[in-house]
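Protein chains in written order, with our numbering: chain E, 205 to 341; chain C, 205 to 341; chain A, 205 to 341; chain L, 205 to 341.
Quick caveat, the hints were computed from the structure, so don't treat them as lab data.
Just so we're clear, the structure is a prediction, and the values are computed from it rather than from any experiment.
Please note that the accuracy of each hint is not assured.
If chains are identical, the list can't say which one is meant, so a pair holds when it fits in one copy or spans any two.
[As the list claims (entries may be wrong)] The list that follows gives simulated cross-link-like pairs (lysine to aspartate or glutamate, EDC-like), each with its CA atoms no further than 20 Å apart:
| id | residue 1 | residue 2 |
| --- | --- | --- |
| 1 | Lys306 | Glu325 |
| 2 | Lys291 | Glu324 |
| 3 | Lys306 | Glu324 |
| 4 | Lys291 | Glu243 |
| 5 | Lys306 | Asp224 |
| 6 | Lys291 | Asp206 |
| 7 | Lys291 | Glu325 |
| 8 | Lys291 | Glu208 |
| 9 | Lys306 | Glu208 |
| 10 | Lys291 | Asp242 |
Number of protein chains: 4
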Amino acid sequence: MDAEALAAFMARAFPQVAADFAIERVAPREIEVRLRVDERHLRPGGTVSGPSMFALADVSVYLAVLAMIGPEALAVTTGCSMDFMRKPAAATDMIARCRLLKLGRALAVGDVLVFSEGMEEPVARATMTYSIPPARG
Amino acid sequence: MDAEALAAFMARAFPQVAADFAIERVAPREIEVRLRVDERHLRPGGTVSGPSMFALADVSVYLAVLAMIGPEALAVTTGCSMDFMRKPAAATDMIARCRLLKLGRALAVGDVLVFSEGMEEPVARATMTYSIPPARG
Amino acid sequence: MDAEALAAFMARAFPQVAADFAIERVAPREIEVRLRVDERHLRPGGTVSGPSMFALADVSVYLAVLAMIGPEALAVTTGCSMDFMRKPAAATDMIARCRLLKLGRALAVGDVLVFSEGMEEPVARATMTYSIPPARG
Amino acid sequence: MDAEALAAFMARAFPQVAADFAIERVAPREIEVRLRVDERHLRPGGTVSGPSMFALADVSVYLAVLAMIGPEALAVTTGCSMDFMRKPAAATDMIARCRLLKLGRALAVGDVLVFSEGMEEPVARATMTYSIPPARG
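Chain E extracted, bound-state conformation:
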């Protein structure tokens, strides 16, 4: 699936959140996703909230998996680790750069760096593990 197909899938499967995210780039085992930062993603002071960054990292790995195996909407997050390393820039879009480190038949592991747009150093890192259910033949 390319960026357009992924965006169409998101809009259909997750209408509540699809507008928050934009797919910037898709390559084999890699994806770059933008969080269009809005009032509801912010904490007092204009900082993007932890749950919003979690959501961005999670959706990035999900889309990177889908891009490789097709619209298998049942893939589910089973584990996550995340480090919050710097304060994000106030009220600025965030960019997740994701790389799949493993794409097995049952399990996928994706690594994500999360940046405030325009900042060189990552704000956060995350690893997400996805369980891929057997194909429904």
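With chain E held as given, fit chains C, A and L onto it using these hints.
Showing chains C, A and L alone in chain E's frame:
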């Protein structure tokens, strides 16, 4: 700080999300927090979303720390690990049971089990690490 | 499998490390395992090393899984998160208290608190995820 | 500190394990470390054990921090997350490629990919968090 003081602090400091959470119980180094599940926390099929569970675990450890050290609104999440183990019940409130394993001068570590209300087995577990900035003398 | 059967299995399957560990207690979904601390587990100053605590947490979850499903020596660690919260007592045995939070057909998740024997507060916490391969019919 | 200075420091500060590791490459915020795989690192079947890979990841981040801030032997691991993604090659040296994502005054975060020498895909990934104590003025 007791449950009432914590709730008042939340309403003042985080007006955007305070209404999502209710403090069920506070004890030394322990807290129980409810996520009042609403349309915006759900994924298609009625499942509570991962970011909503992350938010619940995060706020629980934050409030457990505040309950012990006072309204130090600057405590920030530095790390998290989370395992999603079961499907939550559809459109049902979630309860986080949090215990502080460490409350040092600079660092706090809290363990959380997240339940769908009425289910015996936990839906998720999380560990959150908070950095506590030096007191502003 | 009870404590005796587990110890016999360890001695047979992992002769190199079995003598490091003693099974203190087995109950449904719970286990307590001792690390018999020896010169080779120590860092300068007498502190038990991080890898030794990792090994203790890992073997505890492994044995807790085996106690429930039988000597399925192929169960493999797929993920781990660990927090090191206090300095262990010098040259003192360590005790891991493990609880299985999930024991599914394909995946097990165990939570572990690691104590220096005689200390009340945990030195470390760990979560270990094990993948359980399908039974070889 | 360059590779030679780091190796000398290891031999002095950690005589028990220094011989297990060789520093392959040092660059600003990056390091590559080899685990010289030996009988005692192996599980039955010749697989490198989980604790050995943990030790390799841990020492890599430690040395990457030291290379930047000098022989501050008191830096301590506070947290770790690790994913084991593939079976290592039997009885083969392992290489850790580490990158510091954050090097603050009090906290460092390093990301590590662990390879069996000669394999293209990583066997494991790890993130290690180190606490850096204030300088002893």
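Task: Intra/inter-copy verdict for Lys291 and Asp206 if alpha-carbon distance must be at most 20 Å - done: neither (32 Å within a copy, 30 Å between copies)
Open item on the list: Within a copy, between copies, both or neither: which one fits Lys291 and Glu324 at a CA-CA cutoff of 20 Å?
Closed with: Within one copy only: 13 Å inside, 35 Å across.
Task: Homomeric proximity label, Lys306 with Glu325: Cα distance no greater than 20 Å - done: The answer is between: 8 Å across copies meets 20 Å, while 25 Å in one copy does not.
Task: Intra/inter-copy verdict for Lys306 and Glu208 if alpha-carbon distance must be at most 20 Å - done: For Lys306 and Glu208, neither the intra-copy (24 Å) nor the inter-copy (35 Å) Cα distance is at most 20 Å.
Task: Identical-chain pair category, Lys291 with Glu243, by Cα at 20 Å - done: The answer is within: 17 Å in one copy meets 20 Å, while 30 Å across copies does not.
Task: Alpha-carbon proximity between Lys291 and Glu208, which holds within one copy, between copies, both or neither at 20 Å - done: neither (32 Å within a copy, 30 Å between copies)
- [ ] Tell me, please, which holds for Lys306 and Glu324 at an alpha-carbon limit of 20 Å: within, between, both or neither?
- [x] between (26 Å within a copy, 12 Å between copies)
TODO: Can you give me the call for Lys291 and Asp242, within, between, both or neither, at a CA distance of at most 20 Å?
DONE: within (17 Å within a copy, 29 Å between copies)
TODO: Have a look at Lys291 and Glu325 and pick one of within, between, both or neither, based on CA distance no larger than 20 Å.
DONE: within (10 Å within a copy, 32 Å between copies)
Task: Alpha-carbon proximity between Lys306 and Asp224, which holds within one copy, between copies, both or neither at 20 Å - done: For Lys306 and Asp224, neither the intra-copy (27 Å) nor the inter-copy (28 Å) Cα distance is at most 20 Å.
When the structure is compared with the earlier hints, violations turn up for hints 5, 6, 8 and 9 and for no others.
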